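Participant: Chains as they are written, first to last, in this note's numbering: chain A, 612 to 949; chain B, 103 to 628; chain C, 43 to 330.
Calculated directly from the structure, the hints in this document are not laboratory data.
Among the clues, some could well be false.
[As the list claims (entries may be wrong)] Using C-beta positions, here's what the derived DEER-type ranges look like:
no. : chain 1 : residue 1 : chain 2 : residue 2 : range
1   : A       : M714      : B       : V474      : 27 to 37 Å
2   : C       : S92       : B       : D566      : 43 to 53 Å
3   : A       : N696      : C       : R218      : 50 to 60 Å
4   : B       : P373      : A       : S737      : 44 to 54 Å
5   : A       : G845      : C       : R55       : 37 to 47 Å
6   : C       : S92       : B       : P373      : 22 to 32 Å
7   : C       : M213      : A       : L802      : 54 to 64 Å
8   : B       : A454      : C       : S92       : 24 to 34 Å
9   : B       : E176      : A       : L670      : 46 to 56 Å
10  : C       : R55       : A       : F739      : 16 to 26 Å
11  : B       : K613      : A       : G771      : 23 to 33 Å
12  : C       : R218      : A       : S737      : 39 to 49 Å
13  : A       : N696      : B       : H223      : 21 to 31 Å
14  : C       : F99       : A       : R798      : 51 to 61 Å
[Stated by the list, open to error] To be clear about the criterion: a stretch of chain C counts as covered by chain B if any three or more of its residues have a C-beta under 8 Å from a C-beta of chain B, and this derived list gives those stretches:
no. : region
15  : 88-100
16  : 107-119
17  : 182-188
18  : 280-291
Model, not experiment: these values are computed from the prediction.
We put the CB at the ideal spot given by N, CA and C, even for glycine.
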Amino acid sequence: MKYIAKKLLDLIPTLFGISLVCFFLIRLIPGDPVLNLIGERGADPARYLEMKKALGLDLPITQQFWIYLKSIFRGDIGTSIISNNSVWNEFIERFPATLELGMVALLGATIIGIPLGIFAAMKRNSFFDYFLMSTSLVGYSMPIFWWGLILILFFSVKLGLTPVSGRIDFTYDIPVMSGLYLIDTLRPEILKAEGFAPFISALRHLILPSIALGTIPLAVIARMTRSSMLEVLGEDYIRTARAKGMSKTRTIYIHALRNALVPIITTLALLFGSIITGAILTETIFSWPGIGKWIVSSITARDYPVIQGGVLIISFVIVLTNIIVDIIYFLLNPKMRN
Amino acid sequence: MKTLLLLSALSIFAPEVQAKNFVFCSEGSPSSFNPQLVTDGTSITASSANVYNRLVEFEPGATKIVPGLAASWEISKDKKVVTFNLRKGVKFHTTKYFTPTRDMNADDVIFSIEKQRTKTHPYHSVGGGKYEYFDGMEMGSLITDVKAIDPYKVQVTLANPDSTFLANMAMSFMSILSKEYADKLAAANKKNDIDNFPIGTGPYAFVSYQKDSVIRYEAHKAFWGKKGNVDKLIFAITPDANVRTQKLKTGECQFATDPAPADIAEMKKNPKLNVLEDAGLNIGFLAMNVTKKPFDNILVRQAISHALDKKTYIAAIYMNNASPAKNLIPPTIWSYNNSVADYEYNVEKAKALLKKAGYPNGFETEMWTLPVARPYNPNGKKMGELMQADLAKIGIKVKLVSYDWPTYLEKSKTGLHTLIQFGWTGDNGDPDNFFNVLLGCASVKAGSNYPRWCNEKFNKLITDAKTTSDMKARTKLYMQAQVIAHDEAPVVNIAHSKTFKAMAKNIKGYKLDPLGQDYLADIIVE
Amino acid sequence: MKVFLKELFFELRKNRGSMIGVVIIILSVIVAVLAPLLAPHDPTHIYTDSLNLPPSFVAGGSSRFFFGTDDLGRDLLSRLIYGSQVSLSVGFAVVVLSLVIGTFLGVIAGFYGGLIDKTIMRITDLIMSLPSILFAIVIVAVLGPGISNAIVAVSIVAIPNFVRIIRAQVMVEKSRQYVAAAKLFGAGNFRLMFIEILPNCMAPLIVQATLGFSDGILNCAALGFLGLGAQAPMSEWGTMLSDARSYIESSPWMVTLPGLCILIVVLSFNLLGDGLRDALDPRLKKQS
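In isolation and in its complexed conformation, chain A is listed as follows:
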């Protein structure tokens, strides 16, 4: 319990550090949001100053930071300069899209990756093992911004099997409830009105982006499962179990897998961070309206509040998952408790 409390307390300085770095770093970037709003047209200096003042950007930078900190403590992380919406609302609108994509990608990678890894470990040094390990290394080395384009080129443009971009066919107007289209499209009133078509449309739109995003996690999970299975299979108690006459399958499922699961779960959680990195590229390629695309476009527009607030929330989510993993790890692994 003390361990958990300490971990959570550690959060505060990290988050403070992130807001500090973020705030000053983005203001070091040349270019300012007001000029971006004005565009090619230009504006006379008086009007320019007026616009700056309205956004509070004319104040000394330390004072701006102080105002920013104060508003965070009030629970307000700012308002977008471009859209005039609160950053939190913008985040909540987009987060489900990234979450859905990330979860489908990670889930697919886990469901496929773990059995492959187990199988490879059991057939160690067989052709299948070699084949799987080299394929997974190719997957691990994949530049996903290229992979996404190749998938589009082949499946959408050449074969016409999958849609090019977006989350769902826009002719279906699905009211946002959870924001996860795979769930929202299965609500009774939607099923009654449109049948399964919207669900299938959402699924079709998910195929390519989740393949692109899931490739690296799949490779990592398969390799991780294989190596931790190998490690566990080499341990004495497994050998004892086998020697006692326990069947091979039983040994693998009951003993080996359970013990191999700890590092696999850790890997999964670490992948969560890389999913967000991957999402930035995947969302750019597939026009997926999630947070990755949101942050990148706010950087190009110098939308300070969105960058500050968005990065803060994203890192909070990442740090929090890491802590949760630590805790799970701690609970699963009695050795660590001492």
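Given the coordinates of chain A, assemble chains B and C onto it according to the supplied hints.
Facilitator: Frame of chain A; chains B and C shown alone:
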């Protein structure tokens, strides 16, 4: 059960069917839904063009003024009083958030004008209180009074006769908003909603909007004008031009605005698609900062004008979808001076001029390349590489510099650049909108005069032209101005690009708008 | 040290995968060094009469340009060949930068512990809690786009990996007897850290450096793809890929080839790194 699963698995790959929906692949998110505030084409298409109407309108596909919400109008003898007779029985949209109880009348017209005109109006400062167009067209000082004679008669008094007044009234910022709706919002203390949840009289009523993703409209059943057969209008916001093309091909949308030049040729061959093209109201140019050496030297500027081979840029960058430019304004704008002879591509001549200027061996400089794709320059970086190669032939070593868009704007505004690519798309088809914005002395300070070139003679000509109302006199002044701009060569005019709209074959009734907006009232889905 | 390397090489020879990796790496180094001799054309020369040509073995291709030309009429093969120069030196620069800084910080943190350790680890935690590509994008935006700034950004993002690995290793090593012995003989802290302890942390460092190579190449290419990497007319694979995006339908080879090059080079370093890890990891060695 198994077959059912198999069936649904198969249907994952089956194309999706659509009824009387019209999916329009647009290029970006609108900045607001209030036509009084917006200035960019994307926002105008999303608001005024399809949700609102004006008292007078441009005839679809032309610049002729035709009746809109005003069935007719009278102009007094001294040309200072204009009386509009309003159309009767015009209904505002009924939506989830508003149900009108009366028809459009003089109150709405007065509200729409006064909101922008009077600083004390309760709605004036809602949404920032800045009316770029209303102020830019100097409507505030032109209109001295607006009053209702009866519920269907509105009288506007002008400070002085102005021949452009009616055309201004047809522009998007003069759209008619509902006063009843505004009052209701004010009572609920939700005034800001007027910019986000529009209520108009146009062919389509707003339903919902998800930023960067989708805008939904439905047909306004009680629309007063002629209308196509679209039930649901859906804007699929797709900023990437290639993706718009791909979506059009896969049938995810039926209309793609501004497709990428690289795809035009192939699309024209596609029997399922229809591609419309129009001479764009734009100019792409290379500006030379005349406040910096050696570009203060007119001979150097002329040498560069001779050294750049526009033809290759038009082939490689615009995919031949543009015409070479010799003047700042495109030939479709009145007062275009066709007698100006362009600097021809001639390396020897360029070298000779450079030698005469005192740079026989050339010099080193840098060029800023446009970081965003614009219709007037679809790929600044690539054009920079071509220009770099061209200038190397006359001994000028160019270092290409690229910043991202906001940085580019900031640095160029303060005049840190030497050679810089820029361009312009006209707002209203008036020459002043090009010459004054891009080469006027006042624009040096505002930052849109990229060569930072302030020529007294030129400036006098264009200011005179602005204050004159006689068309013939104006034309003559602008013609002279173009000669000076050509001789002095502060910019190398590169190209006027064509604009394109691509749509599925079953879409009928679309008319190109000379100012580049998409009016979708008449669309028929077959 | 010599014995260590010999043993390492012996172990590696047994691993077919990493041998393939080594061969590809050597080949690409040769291509990069001999680029001026191998490339049939100047990679920046613009042939205005041959825009968007397909590869020579496809209908419509010209025998002058083996892999065809790009949208400005530049020979694709030559650009790909010169691109290997950029990618390899980028990978090398990133590894050297992040390795030197990361090792230094890691050794200090592990050796001294206490407040120094806490501060350094807090900062690395902070960098690691930001999505790496996002952080790199912001750094490049601050410094301005360009290949050298992209290298700096990617290196900064890579430093924490080195710090963590070295720190953990140093903490184990510093309680060993040889360190205590060296201390008895009057060795100063600097000597202890960098002469006594550091050489014994080599194994994980070598693996991480190899993997850092592939990460560096991949991340710089990603920045290039987002338009923040190499500037025109330099031929860098990521930038070439992003330029080619608008031609994905009309000229798919322009998209396919640069990506394939990135994949092959990154894969070769990963193959080598994988082999090195197997060779250096005593736990796995025991089983085979």
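Participant: Would you mind marking each hint as holding or not holding in the structure?
Facilitator: Consistency of the hints with the structure:
Judged by the Cβ atoms, the range 27 to 37 Å given for A:M714 and B:V474 holds: they are separated by roughly 34 Å. For the pair C:S92 and B:D566, the beta carbons lie near 50 Å from each other, so the given range of 43 to 53 Å is met. For A:N696 paired with C:R218, a C-beta distance near 58 Å keeps the hint of 50 to 60 Å intact. The beta-carbon spacing between B:P373 and A:S737, approximately 53 Å, falls within the hinted interval of 44 to 54 Å.
For A:G845 and C:R55, the hinted distance range of 37 to 47 Å is not satisfied, since their beta carbons lie about 24 Å from each other. Restraint check, C:S92 to B:P373: a C-beta distance of roughly 29 Å satisfies the suggested window 22 to 32 Å. Taking the beta carbon of each, C:M213 and A:L802 are about 58 Å apart, inside 54 to 64 Å as hinted. The given range of 24 to 34 Å is respected by B:A454 and C:S92, whose C-beta atoms sit roughly 31 Å from each other.
Against the hinted window of 46 to 56 Å, the Cβ-Cβ separation of B:E176 and A:L670 comes to about 54 Å, which satisfies the hint. At about 24 Å, the beta-carbon gap between C:R55 and A:F739 stays in the expected band of 16 to 26 Å. At about 31 Å, the CB distance of B:K613 to A:G771 agrees with the hint of 23 to 33 Å. C:R218 and A:S737 have their C-beta atoms about 40 Å apart, which keeps the hinted 39 to 49 Å range intact.
Separation of A:N696 from B:H223 is about 25 Å and conforms to the stated range, judged on CB atoms against 21 to 31 Å. A hinted range of 51 to 61 Å for the beta carbons of C:F99 and A:R798 is consistent with their spacing of about 54 Å. Coverage of the region 88-100 of chain C by chain B holds [criterion: at least 3 residues with CB-CB distance below 8 Å; count 3]. Restraint check on the region 107-119 of chain C versus chain B: 3 residues with Cβ-Cβ distances below 8 Å, three needed, restraint holds.
Residue count for the region 182-188 of chain C with a Cβ under 8 Å from a Cβ of chain B: 3. That meets the three needed, and the coverage hint holds. Chain B is given as covering the region 280-291 of chain C, and this holds because 6 residues of the stretch bring a CB closer than 8 Å to a CB of that chain, at least three being needed.
The structure fails to meet hint 5 from the earlier list, while all remaining hints are met.
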